[in-house]
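Chains D and C are the protein sequences, given in the same order.
Numbering of the first sequence is given in full-length UniProt numbering, commencing with residue 1 and proceeding in unit increments.
Numbering of the second sequence is given in full-length UniProt numbering, commencing with residue 1 and proceeding in unit increments.
Honestly, the hints are just simulated from the structure, not real lab data.
We put the CB at the ideal spot given by N, CA and C, even for glycine.
Please note that a few of the clues may not be correct.
As the list claims (entries may be wrong) - Heads up, simulated DSSO-like pairs for lysine-lysine below, C-alpha to C-alpha not over 27 Å straight-line:
| no. | chain 1 | residue 1 | chain 2 | residue 2 |
| --- | --- | --- | --- | --- |
| 1 | D | LYS136 | D | LYS117 |
| 2 | D | LYS29 | D | LYS54 |
| 3 | C | LYS136 | D | LYS162 |
| 4 | D | LYS162 | C | LYS141 |
| 5 | D | LYS162 | C | LYS29 |
| 6 | D | LYS54 | C | LYS141 |
| 7 | C | LYS117 | C | LYS54 |
| 8 | C | LYS54 | C | LYS141 |
| 9 | D | LYS117 | D | LYS29 |
| 10 | C | LYS136 | C | LYS54 |
| 11 | D | LYS141 | C | LYS162 |
| 12 | C | LYS136 | D | LYS117 |
| 13 | D | LYS162 | D | LYS54 |
| 14 | D | LYS162 | C | LYS31 |
| 15 | C | LYS162 | C | LYS117 |
| 16 | D | LYS136 | C | LYS162 |
| 17 | D | LYS162 | C | LYS54 |
| 18 | C | LYS141 | C | LYS117 |
| 19 | C | LYS136 | C | LYS117 |
Said to hold, decoys possible - Examples of chain C residues lying across from chain D (beta carbon under 7 Å, computed):
| no. | residue |
| --- | --- |
| 20 | SER11 |
| 21 | ARG97 |
| 22 | MET167 |
| 23 | HIS170 |
| 24 | ALA182 |
There are 2 protein chains.
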Amino acid sequence: MSITLYSLCGSDRDRPFSPHCWKVVMALKHKGLSYVEQPMPFTAISEIEGGVSKTVPILRDGDRLIADSFAIALYLEETYPTRPSLFAGEGGKALSRFVEGYSQTTIHPAATRIAIKQIHDMLDPEDQVYFRESRKERLGKTVEEVAAGRDAEIEAFPETLKPLRHMLSHQPFIGGAAPLFADFIVFGALQWLRIVSGSIHLPAGDPVGEWFERCLDLYDGEARRVA
Amino acid sequence: MSITLYSLCGSDRDRPFSPHCWKVVMALKHKGLSYVEQPMPFTAISEIEGGVSKTVPILRDGDRLIADSFAIALYLEETYPTRPSLFAGEGGKALSRFVEGYSQTTIHPAATRIAIKQIHDMLDPEDQVYFRESRKERLGKTVEEVAAGRDAEIEAFPETLKPLRHMLSHQPFIGGAAPLFADFIVFGALQWLRIVSGSIHLPAGDPVGEWFERCLDLYDGEARRVA
Numbered sequence: 001m002s003i004t005l006y007s008l009c010g011s012d013r014d015r016p017f018s019p020h021c022w023k024v025v026m027a028l029k030h031k032g033l034s035y036v037e038q039p040m041p042f043t044a045i046s047e048i049e050g051g052v053s054k055t056v057p058i059l060r061d062g063d064r065l066i067a068d069s070f071a072i073a074l075y076l077e078e079t080y081p082t083r084p085s086l087f088a089g090e091g092g093k094a095l096s097r098f099v100e101g102y103s104q105t106t107i108h109p110a111a112t113r114i115a116i117k118q119i120h121d122m123l124d125p126e127d128q129v130y131f132r133e134s135r136k137e138r139l140g141k142t143v144e145e146v147a148a149g150r151d152a153e154i155e156a157f158p159e160t161l162k163p164l165r166h167m168l169s170h171q172p173f174i175g176g177a178a179p180l181f182a183d184f185i186v187f188g189a190l191q192w193l194r195i196v197s198g199s200i201h202l203p204a205g206d207p208v209g210e211w212f213e214r215c216l217d218l219y220d221g222e223a224r225r226v227a
Numbered sequence: 001m002s003i004t005l006y007s008l009c010g011s012d013r014d015r016p017f018s019p020h021c022w023k024v025v026m027a028l029k030h031k032g033l034s035y036v037e038q039p040m041p042f043t044a045i046s047e048i049e050g051g052v053s054k055t056v057p058i059l060r061d062g063d064r065l066i067a068d069s070f071a072i073a074l075y076l077e078e079t080y081p082t083r084p085s086l087f088a089g090e091g092g093k094a095l096s097r098f099v100e101g102y103s104q105t106t107i108h109p110a111a112t113r114i115a116i117k118q119i120h121d122m123l124d125p126e127d128q129v130y131f132r133e134s135r136k137e138r139l140g141k142t143v144e145e146v147a148a149g150r151d152a153e154i155e156a157f158p159e160t161l162k163p164l165r166h167m168l169s170h171q172p173f174i175g176g177a178a179p180l181f182a183d184f185i186v187f188g189a190l191q192w193l194r195i196v197s198g199s200i201h202l203p204a205g206d207p208v209g210e211w212f213e214r215c216l217d218l219y220d221g222e223a224r225r226v227a
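Isolated chain D, as found in the complex:
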């Protein structure tokens, strides 16, 4: 069966940047599954596979269609149980939801405030219109109003990663000695920030930066090839 991952891009199809899609890329690589990635711009998402989901990632695996990064990870774990585990048991599965909660409520808002203008500028004109309107509705501010706080956000950013830094004093990955989907959840958020803004804005020697580099090295540097 062939696997297709529909992901998100701007004008340059070779720079897919969605944090949620990067989680799935890493999960597919972790499982050792072959797939074809189809990056799509924001305004084309509604046309993917007959409009099955308003958001990417969307995964087609043979005759199965799954949307949402966490649902895709659960699907891959159930469908390919003999390949390397994404959760290492039911506890890992449940606690990954907490890691998702942390990433979504802490890293994502900060990354948006740091990189909103750069994301906008990567998009085609019709996607820029969509992006401006949807972010205005979500954030209550224009792209430029959010971007005005960029320097302060960059300065505050390392603080948001304290829980990760504390954990890294005990083990090299959130998954322990080796990465699990929980690592990819946080990695996806920082990879998004790296691709759209050129940096994850951490000082040299930060254990979180070193963990991020370890993730970039995984699977023959799969995530490092996009910059």
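With the hints as your guide, set chain C onto chain D.
Just chain C now, with coordinates in the frame of chain D:
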């Protein structure tokens, strides 16, 4: 074999309050193990079991002595594998370190800033001297200087629990359908705040408050009997 848990108290031995010791109480109850709790004041910790650790919890299980709440949970899981699991697998064990990182770097500092004066006032005079000196060294401020920011800290507190709230939109416990040690890590921090300051300072209807009440109900309301 008999199990003894050395924990922490102020003048009132019936109100043990250490977050780390509450994690162990819940872990022992979860495993269905009988134990005797020996609450000790700050300045007596160095005398416990010949001075084996500078901090509580300390657990004696027959001829074994273990300090540190996470180490104790790992010990209980390994020693009593046929009783209900605290981690539900290796993934749960690894990811619990991330939950610990979140709790220690986010909830603990906030709880300290909210309740430092109340903790001080619960202690015997010689422990108050120790507490003042050690907190001055750790925080760079006097008890009263920290306490001056109490109202602002209480107002900001619900925001620190966003990751938990997000997770609770998917499942009733961090451990999924039922609690695991990861729940007790966060519960311990809020139980500490509840005992020392009389409240966890969340508005009615907050999903985190509802999860906390579910934890108070566990094991015949074990944690609710101390207030």
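Okay, the hints, checked on the actual structure:
For the proposed pair D/LYS136 and D/LYS117, the alpha carbon gap of about 13 Å is at most 27 Å, so the pair holds. For the proposed pair D/LYS29 and D/LYS54, the alpha carbon gap of about 25 Å is at most 27 Å, so the pair holds. Only pairs whose Cα atoms come within 27 Å are accepted, and C/LYS136 paired with D/LYS162 is accepted, the gap being roughly 22 Å. Restraint check for D/LYS162 and C/LYS141: satisfied, since their Cα atoms lie roughly 22 Å apart, inside the 27 Å limit.
With a C-alpha separation of about 31 Å, the suggested pair D/LYS162 and C/LYS29 falls outside the 27 Å cut-off, and the hint is violated. With a C-alpha separation of about 51 Å, the suggested pairing of D/LYS54 with C/LYS141 is violated against the 27 Å cut-off. Straight-line distance between C-alpha atoms of C/LYS117 and C/LYS54 comes to about 23 Å, which keeps the hinted pair within the 27 Å bound. For a cut-off of 27 Å, the pair hint linking C/LYS54 to C/LYS141 stands: about 23 Å separates their Cα positions.
Proposed proximity of D/LYS117 and D/LYS29 is contradicted: the alpha carbons are some 31 Å apart, above 27 Å. Annotation: proposed proximity of C/LYS136 to C/LYS54 holds, straight-line Cα distance about 18 Å (limit 27 Å). Pair hint D/LYS141 plus C/LYS162 holds up; C-alpha atoms about 22 Å apart against a cutoff of 27 Å. For the given pair, C/LYS136 sits about 43 Å from D/LYS117 by alpha-carbon distance, which is inconsistent with the 27 Å threshold.
Restraint check for D/LYS162 and D/LYS54: not satisfied, since their Cα atoms lie roughly 33 Å apart, outside the 27 Å limit. With a C-alpha separation of about 31 Å, the suggested pair D/LYS162 and C/LYS31 falls outside the 27 Å cut-off, and the hint is violated. A distance of roughly 26 Å separates the Cα atoms of C/LYS162 and C/LYS117; the hinted pair therefore holds under the 27 Å criterion. Restraint check: the Cα-Cα separation between D/LYS136 and C/LYS162 comes to about 22 Å, which is no more than 27 Å; the hinted pair holds.
As the CA atoms of D/LYS162 and C/LYS54 are separated by approximately 25 Å, the hinted pair is consistent with the 27 Å bound. Of the supplied pair hints, the one linking C/LYS141 and C/LYS117 holds, its CA atoms being roughly 12 Å apart against a limit of 27 Å. For a cut-off of 27 Å, the pair hint linking C/LYS136 to C/LYS117 stands: about 13 Å separates their Cα positions. Annotation: C/SER11 was flagged as interfacial toward chain D, and the flag is violated, the nearest CB pair being 32 Å apart, outside 7 Å.
With a least beta-carbon distance of about 5 Å to chain D, the hint placing C/ARG97 at the interface is held under the 7 Å criterion. For C/MET167, the suggested interface contact is upheld, since its CB lies about 4 Å from the closest CB of chain D, less than 7 Å. Hint status for C/HIS170: holds, given a least beta-carbon distance of 5 Å to chain D, under 7 Å. Given the 7 Å rule on beta carbons, the hint for C/ALA182 holds: about 5 Å separates it from the nearest Cβ of chain D.
In the structure shown, a violation is registered for the earlier hints numbered 5, 6, 9, 12, 13, 14 and 20, in ascending order.
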